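Student: Whenever a hint applies, use it, and build me the whole structure from the sequences.
Residue numbers (the working numbering), protein chains in the order written: chain V, 1 to 292; chain U, 1 to 353.
A few of these clues could be false.
[As the list claims (entries may be wrong)] Derived CB-CB ranges, DEER-like:
no., chain 1, residue 1, chain 2, residue 2, range
1, V, A242, U, T32, 51 to 61 angstroms
2, U, L345, V, A242, 34 to 44 angstroms
3, V, E220, U, Q252, 54 to 64 angstroms
4, V, A242, U, P218, 50 to 60 angstroms
[As the list claims (entries may be wrong)] Short derived list, chain V residues pointing at chain U, Cβ under 7 angstroms:
no., residue
5, D76
6, G78
7, L89
8, S90
9, P104
[Unchecked claim] Think about it this way: if two alpha-carbon atoms lie no more than 35 angstroms apart in a straight line, the pair counts; the simulated DSBU-like pairs of lysine-lysine are:
no., chain 1, residue 1, chain 2, residue 2
10, V, K112, V, K166
11, V, K157, V, K146
12, V, K173, V, K157
13, V, K112, U, K50
14, V, K37, V, K112
15, U, K50, V, K37
Read the hints as simulated data drawn from the structure, not as lab findings.
Given the structure is predicted, the values throughout are model-derived calculations rather than measurements.
Cβ atoms here follow ideal geometry from the backbone N, Cα and C, with glycine treated the same way.
So you can see what is in the structure, the chains are spelled out below.
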Amino acid sequence: MNMSSRWMHVLYAAICCAGAVWASMPLGAETGSSPQKIVSVGGSVTEVVYALGEEHRLVARDTTSTYPPEVSSLPDVGYMRRLSPEGVLSVAPELILAEEGAGPPEVIDILKEAQVPFIEVPEPYSREGIIAKIQAVGDALGVADKARSLAEDVDAKLAAAEQNAKDDIRSPKRVLFVLSTEGGRVMASGTETGADAIIQMSGGVNAATGFEGYKLMSDEAITVAAPDVILMMDRGANHDVAEDELFAMPAVSTTPAAAEKALVRMNGLLLLGFGPRTAEAVTALNQALYPD
Amino acid sequence: MVLADTYLPADRVARARIAHFAFGLLLLVVGTISLTVGASDVALGAALWKLAIGDPLTRMENTVLWDIRMPRLLLGLLVGAALAVGGTVMQGLFRNPLADPGLVGVGAGAGLGAILVIVLGTLLPIWLTASVGQFMVPIAAFLGGWATTLILYRVSTRSGRTSVATMLLAGIALGALAGALSGILIYIADDRQLRDLTFWGLGSLAGATWAKVVAAGPIIAIALVVACGLGRGLNGLALGEATAAHIGIPVQRMKNAAILTVAGATGAAVAVSGGIGFIGIVVPHLLRIGTGPDHRPLLINAALLGATLLIAADMIARVVIAPAELPIGIVTAVLGAPVFLWILLRRRALVDL
Chain V
1 MNMSSRWMHV LYAAICCAGA VWASMPLGAE TGSSPQKIVS VGGSVTEVVY ALGEEHRLVA
61 RDTTSTYPPE VSSLPDVGYM RRLSPEGVLS VAPELILAEE GAGPPEVIDI LKEAQVPFIE
121 VPEPYSREGI IAKIQAVGDA LGVADKARSL AEDVDAKLAA AEQNAKDDIR SPKRVLFVLS
181 TEGGRVMASG TETGADAIIQ MSGGVNAATG FEGYKLMSDE AITVAAPDVI LMMDRGANHD
241 VAEDELFAMP AVSTTPAAAE KALVRMNGLL LLGFGPRTAE AVTALNQALY PD
Chain U
1 MVLADTYLPA DRVARARIAH FAFGLLLLVV GTISLTVGAS DVALGAALWK LAIGDPLTRM
61 ENTVLWDIRM PRLLLGLLVG AALAVGGTVM QGLFRNPLAD PGLVGVGAGA GLGAILVIVL
121 GTLLPIWLTA SVGQFMVPIA AFLGGWATTL ILYRVSTRSG RTSVATMLLA GIALGALAGA
181 LSGILIYIAD DRQLRDLTFW GLGSLAGATW AKVVAAGPII AIALVVACGL GRGLNGLALG
241 EATAAHIGIP VQRMKNAAIL TVAGATGAAV AVSGGIGFIG IVVPHLLRIG TGPDHRPLLI
301 NAALLGATLL IAADMIARVV IAPAELPIGI VTAVLGAPVF LWILLRRRAL VDL
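Tutor: Here it is, written out as structure tokens:
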């Protein structure tokens, strides 16, 4: 950071010397307190904007923003970690609202340099995190009151859903979240992930706890993990691995999940988005895990 | 591209001279267009007119033209020229049409450096990450590339003589080693880091900033100037090392210069733009077909054409799916590969170096 700003100083000095015309540029219009043209980066942030009823202020979204379906009519500024500076500026935003981890950093710097307010919204995987996220988005949009009532509503629903999920469970089921089965190798979720959090919130137990993040699991590790249920993302008919194929894989075939043919598929953004719909996700996953 | 008549080499020498001006002009034109083309509707002409009549520019125009398009143009110019000249020098040095800047180990080493920082960056001491911040990846890539080249160079140099054959083989071994280390890091990377790595490997000029231009510019510029002076030596080397030495070419000194400049130029290029393939291989071959194998004009033309092609590819990358953009490595390969194949099929005999 220091280095970057030092370079910028050197450079601005050079610019000033090179031409007074460039240096005498005005600062441009200052943005008002309640921005009207917003670029939303990150699926769950976009969902919150819609839940607040402020979607008319959106002018663009990123590739990960796929819900609600009408969001797809907005221009797409690219994958949230690979934003293009001119692409984002081309929609003339007054505010960029981004989920934690948007980037790359040099692009964010250019956007800040252009004096477009850039607000980063935290992305922790918990009920408190969702509430904080809704409030942060509400504050950024200048609709703190609306956000407070939405947050209370979401908080109540989620607390109820979580409580409901934890009630009357005699033996919690062991759930293995499988991200992909590319090339016959199982990429599964360990701890410290959205999948791990949602499994616990829904009254399940993550079957893979020996590692953090998403990793390839060896066949033996899967056998030892002994999941009762396999949880996967629903990616549309063509991309899904067939149920028979999954349970025929040597590693998976020995698990209790294979014996019961217990496979749950859910929409990825609903399951892992941690936004206003998470209560819905908890209830749905809980019912899928404990059908009776 | 006008293809030369094979039977009149003298003609191609003249053509190579003319090509300097033609490519220079082309670069100027493409560069100017690249300042006017982008996702936003900011136009260069309108901005210049405003400057001419003394109107102030809007902040949008100022940012887009000066902070986004201008550094991108300069970075594209530097990187394109570095890759094309690096490829030309390597093909001449190894006397092998398949050689590219990656042969001196820069690609694998830079990749390893970048992956190290992307995956293990959080383990570095705070004072270090705070002081270099977002330049971590470029710096690590440059150091990784440069270190690999130096190791390779040491391995293949015995009693003051560098064996290019040893270098080629040792390069493959070092590449495999770097690949394996990268593999370990990829294994422990989380899904976000994996996406970062994939995008890094595809290259992009989207993160172009003045700071990157200022950091990479001098290294690449010096390396290019030195490399363009290697033409006579590379011509001699085409006859074989012994013959080259007999006709008075300081073979070892030339090898040193070639290897170090290529490592410097492409290391800096890869560091600021990620892995951009194809320019380094295709540009020299296109030029040899068109204007003959004489390295003296070839090196200069390669710099001009490489810069032009990369700037053009970058323009496509940033408008084709605007407001999002494609990684530039995809554009260079998707457009470059079919054209190159077509030329090869038509003029097969000419590519035998």
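Student: Hints first: check each against the structure and report whether it holds.
Tutor: Structure-based check of all given hints:
1. V/A242 - U/T32: 51 to 61 angstroms: holds (54 angstroms)
2. U/L345 - V/A242: 34 to 44 angstroms: Taking Cβ atoms as reference, U/L345 and V/A242 lie about 42 angstroms apart, which means the hint holds.
3. V/E220 - U/Q252: 54 to 64 angstroms: About 55 angstroms separates the Cβ atoms of V/E220 and U/Q252, which means 54 to 64 angstroms holds.
4. V/A242 - U/P218: 50 to 60 angstroms: Since V/A242 and U/P218 have Cβ atoms about 57 angstroms apart, the given range 50 to 60 angstroms holds.
5. D76: holds (5 angstroms)
6. G78: V/G78 check passes; min Cβ-Cβ to chain U is 3 angstroms, inside 7 angstroms.
7. L89: Holds, about 6 angstroms.
8. S90: holds (3 angstroms)
9. P104: OK, holds: V/P104 within 7 angstroms of chain U, min 5 angstroms.
10. V/K112 - V/K166: violated (45 angstroms)
11. V/K157 - V/K146: Holds, because 17 angstroms separates the two Cα atoms, which is no more than 35 angstroms.
12. V/K173 - V/K157: Roughly 23 angstroms between the alpha carbons, so the hint for V/K173 and V/K157 holds.
13. V/K112 - U/K50: This hinted pair holds, its Cα atoms lying about 25 angstroms apart.
14. V/K37 - V/K112: Holds: V/K37 and V/K112 sit about 16 angstroms apart, inside 35 angstroms.
15. U/K50 - V/K37: holds (26 angstroms)
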